[in-house]
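These are the residues of each chain, in order.
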Amino acid sequence: MENSGRHKRRTVREVIADVSDKGHEMLNDIFLVHTVGRDEFVLENYKGILEYNDRCVRIKTRQAVVKVNGECLELRNMSDAVLCINGQISSIIFENN
Amino acid sequence: MNLEALLLYFRGKLTVCADGPFTERLINICMHRGLTVCDVKKPGKNRVVFCTDVDSFKQIRTPARRTKSHVRIIKRSGLPFILKRFRHRKLALGGVAALCAMLIYCSTHIMGITVFGNTRIDTDTILRELSEAGLSVGVKTSDINSDSVRNRLMTKIDDLAWLGINANGSHVYIEVVERIEKEKGINKDDSPCNLIAARDGIIEHTEVREGQTLVKNGSGVAEGDVLVSGIVDNAAEGFRFVRARGEVYAETKYSETRPYPLSYTESTPTGNTKKRYSLTVLNHTLPLFFGSGNPYTQAEHSEQTHELRIPTDLLPSLFVKCEEYSETSSREVKRTPDEAIDTGSAELSEELRSKLPEGTEVKAVNVSHTLNEHGEVEVTVELLCRENIAKPSVIEEPLLDREQSDR
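Protein sequence lines, in the order shown, are assigned to chains U and Z. Using my numbering, read the first sequence as starting at 43 and increasing by one per residue. Using my numbering, read the second sequence as starting at -14 and increasing by one per residue.
Because the hints were derived from the structure by calculation, they are not lab data. It is possible that part of the hints are untrue.
Stated by the list, open to error - Lysine-lysine pairs mimicking BS3-like chemistry, simulated, CA-CA at most 30 Å apart:
| hint | chain 1 | residue 1 | chain 2 | residue 2 |
| --- | --- | --- | --- | --- |
| 1 | U | K89 | Z | K376 |
| 2 | Z | K30 | U | K102 |
| 3 | U | K109 | Z | K319 |
| 4 | Z | K53 | U | K102 |
It should be emphasised that the depicted structure is a prediction, and the values quoted were computed from it without experimental measurement.
I would like the entire structure built from these sequences, with the hints used as guidance.
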């Protein structure tokens, strides 16, 4: 997310992730998004819900705020790491924290 | 229904409505505390509806206080609430438990045995032998040892060529293959024998294929007389023992005499009938009527049994027996001697014809009658027949031994 031309300093977690050959998202709390068509949206490694109504859901992650727009949105399955949204999704926007 | 929804159903599902200014925060705190929250809907600006389980709802009070939310249950569903509803209905719970126990029993024990493929061997005989071998209604299906049962029945029942035991659910199908019956009339045994008379008669015609004929046409013979000898006297070879073969046709008589009274009692149906039903399951009969079976003092009885079987063979067959009693009344009937003779003639003639050996030709029917000291008409029916009276009779062993020693 750094736009500057300077060399980004790597964190300890990133180094361990590279050495151990594990997924970055596991060790660095990077959010992982996948969708099933336009009806289901699954987000892993989220921090919390900032806003929720049936047309818009804003979710905080470590790196960004994920905004899901649509209609009849429902938070179907939730756990402390995974969030599943069902409904007619029209757009997914990543906003800076 | 996915696995999580199923687990939620077993733990007890609560649909909760939370009203407050910070509903998103309430959800976040619940998530961070590891409480179960699913199916979150937002019907209004300051209202959120979600599903949770009973244990999570008990811990939701603190987050609700922190977010100044008012939480209330709007719907309860799931197994614990259903069981709670039936808590005071002990009979219903007992019934469900009994049904479960019955289903388990019926699916693990033999509920019916069907025997098919048998023509000569009686089904009851097979079922009795199966029962002695440990295969009967009520036995656990896991205890069936097919090989042992098959071996036992094969040794016990001579006519059995093969036995198949197929257990389909709790129903057992016994497939029977019988031994091929020896063909009648063809005796491949070549042991020497005579042809003797099966009954008294006058010889009409002889067709001898092997052996020495000892009777002539027109001669009378008594039962047991030798008609064709198996000892053949030949000028070149001397005495020779053969198996006599052939047919000896003779005129024979069959007669029967019976007294017929001129007045007798006849029972006629009154038209009144009553049916008695009873249910049989697992060899236990439950009558569906009160009192004794026969409702009349004098009645004719007939019965029919219907089997009701569930296609899956999970439950035992239900037999519905219908017994029908038709009331009859007795009345005294008088008849003339001619009527008695006609009745006797027809009756006795029918009886005699049913007793005749196969292939017997009836040449004439003679009917005679006399009046006995009791005032009854004694009717005599005599059938003049033409039949093959030759039957084989094995030549006794001493004769054969002597012949062998002579050689």
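Tested hints:
A hinted pair counts as satisfied when its Cα atoms are at most 30 Å apart, and K89 of chain U with K376 of chain Z does not qualify at roughly 108 Å. With a C-alpha separation of about 20 Å, the suggested pairing of K30 of chain Z with K102 of chain U holds against the 30 Å cut-off. A hinted pair counts as satisfied when its Cα atoms are at most 30 Å apart, and K109 of chain U with K319 of chain Z does not qualify at roughly 112 Å. Of the pairs offered as hints, the one joining K53 of chain Z and K102 of chain U holds, with about 22 Å between alpha carbons and a cut-off of 30 Å not exceeded.
Hints 1 and 3, counting from the list given before, are not met by this structure.
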